[in-house]
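Visitor: Once you've looked at the hints, dock chain G against the given chain H.
Number of protein chains: 2
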Amino acid sequence: MEIDFQKSGGLVPAIIQDQRTGDVLMLGFMTPESLAETQRTGEAVFFSRSRNKLWKKGESSGHVLRVREMRVDCDADALLVRVEAAGPGVCHEGYRSCFFRKLAPDGNAEIVAERTFAPEKVYGPEKTP
Amino acid sequence: MEIDFQKSGGLVPAIIQDQRTGDVLMLGFMTPESLAETQRTGEAVFFSRSRNKLWKKGESSGHVLRVREMRVDCDADALLVRVEAAGPGVCHEGYRSCFFRKLAPDGNAEIVAERTFAPEKVYGPEKTP
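As you go down the protein sequences, you meet chains H and G in turn. First residue of the first sequence: 247, per our numbering; consecutive thereafter. First residue of the second sequence: 247, per our numbering; consecutive thereafter.
Please keep in mind that the hints were generated in silico from the structure rather than gathered at the bench. Any given hint might turn out to be false.
The list treats identical chains as interchangeable, and a pair is accepted whether it falls inside one copy or across any two copies.
What the hints assert, rightly or not - With a cut-off of at most 25 angstroms between alpha-carbon atoms, the simulated PhoX-like pairs for lysine-lysine come out as follows: (1) K302 with K253; (2) K367 with K253; (3) K302 with K367; (4) K348 with K253; (5) K299 with K253.
Looking at chain H on its own, in the form it has when it is part of the complex:
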């Protein structure tokens, strides 16, 4: 099985889904190296486009994503990673899922989830929004 990294410029989008609840938690990108590290360690490792380097989810917060199952799509250019998420949430803004805002047809966004942790206690004050 060859994953097609070329369509997104050397990356594949990786959807992170909570295996127990089915909730979509976040979307990251993986390079061949981060996919290999994910498979080797059993915990999700992404490629950070803003920092231009591998990024192990949870390396500072402890909120690692333990891989329970990986799926690949028909065109082999997207991954679905079903995980058990350690800790109270994956989002650096303090929510269980990064998709905590509903987008209305008029373009307005509304927060529809409860905060599950205080990001400044996990990441330190300099990292909070």
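Guide: For chain G alone, kept in the frame of chain H given last:
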């Protein structure tokens, strides 16, 4: 709410999730224009990177994706589209979800879903894999 289309070169990844079952059905990409069409019509419209044009899901098969809720992530660079999917499946290979293969740590892929329709009857013989 400004969606950040620049990080993926004018596109945002859009995760399609079955609102009822929570299953992730596919991943597509949207441009500002396809997002606007999705919001205007209430049915998912993507940008096809291979054909380089807008692509309304279901335009040939009738398997449209009726948008029930849209979510946007913390960085505003990914969308989660919760849908009611018309028809027996979204995948052009005849499955309910495009993520019908499990990816093993050794890189092998195994089909873990049942076919729900015969693609050659929906798309015609020339479109089947």
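Visitor: Kindly indicate which numbered hints from before are broken by the structure, ordering the numbers from low to high.
Guide: 2
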